[in-house]
Amino acid sequence: MKVLFAESHNLDRPDPLGSHHYIRLFKEAGHDCLWLGPALSPMHIGKPDQLNRHRYRIWREGGCEIDGIRWLVPLTLIFYYNRPFMRSLYAGRNQYRFCLPPLAGQLQKIGFAEVDLLWCAGPAALSLLDIIPHRVSCYRLADRLDQFAMIPPSVGIIQQELIAGVDFVLASSLDLREWALESGGKEVYYLPNGVSEMFFQPAGQRPTDFPSGKRPTAVYLGSIDTRFDLKPLAAAVKRLPEVNFLLIGPLAEVRLKGEIAGLQKKENFRWLGPKEYKTAPAYLQHGAVGLIPFHDSRLTAAVNPIKYYEYLASGLPVVAPPLRELMAMKGPLHAYRAGDEEDFCRAVREALAGNEKEGEAGRQKRIKFASGQNWRARFTTITEILEKKGLPKSFVNRQG
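In this text, residue positions in the sequence shown follow our numbering: the first is 3, and each later residue adds one.
These are computed hints drawn from the structure, not numbers from a lab.
Treat the hints with care, as some may be off.
What the hints assert, rightly or not - In silico DSS-like cross-links for lysine-lysine, where the CA-CA straight-line distance does not exceed 25 Å:
# : residue 1 : residue 2
1 : LYS29     : LYS280
2 : LYS216    : LYS277
3 : LYS359    : LYS332
Let the sequences and hints guide you as you build the complete structure.
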């Protein structure tokens, strides 16, 4: 089966998202997989940052292959971005119609002129519904993109058109499921995020850059982006000197750079930047608490945080605001009022005290809850949907 993922993130992103896990499971099942995107535009060429140089190199070389998955980066003359002359609906709806060289020719050259499954994950995928002949199409809806500052507000309209245009929608949260149904989705399935099996591994050697000493360490693993609320965490760094606070992940919200630099001067705070995903379990296994310090917003109301499952699989108690998804799961959680600095500190203290009181029994309880939330189980649900949509079982479950 030929599977094409139309994406807005690099295939080799250091902190993989749901689609990264799913395409690897499709590949593991023996299917021919292509990761398409994110697109480049003339405005990106020549920029000094590493990310754009990396994408340009892949475009210039006609694509690459990572772990048996092909990756193609198109160059489009029309780019959709939240800047003057670039934020029009026309640009958002037609990014892949103006590629150099033409996208259809590039796909023909590598054997993807037609596909069995067209997996849409970013707004640019809308035009692909017409460009690429396919047997089944789906849209993995993981965010309300109109809540991100760098994306034009009109992206909500494009998302709704994508929802209505595909054969079925996979919504990662209850909020997104409701929105997809309201937006005319033909078939909408609630499929939350999951956790990689590697987070269930026994504790290994402590990473050399992990905080040393006897203080317990509260860890945040993931992108530091629009959702991240630094104020409660900064308050906890000052008010809880007996606790280390460790951030691991890329800094996407540039305005926080100065504040994080200031916190770096504190003995009990450390930001390590992005790390290879395969090293993430080692950091969590030596932590004491997992943190999800998110704002209370329309964006976070629709979030199903992958890190929640990763923390629990590593045996960590979780401190987070009462996000709708977390409350609906009824899993282990030390909730605090979003934005409330004192309540955040209370929740961290409570989680640490729980470790002392519950010990290994509490840890195993959290691991057991996470064990039923793995990506492989979610993938099984997807294959069952594909069978219902007419892809023969021999194709869906084919092993290499």
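Against the structure, the hints come out as follows:
no.: 1; hint: LYS29 / LYS280; verdict: holds, 18 Å
no.: 2; hint: LYS216 / LYS277; verdict: holds, 24 Å
no.: 3; hint: LYS359 / LYS332; verdict: holds, 21 Å
Hint check: no violations occur; every hint is consistent with the structure.
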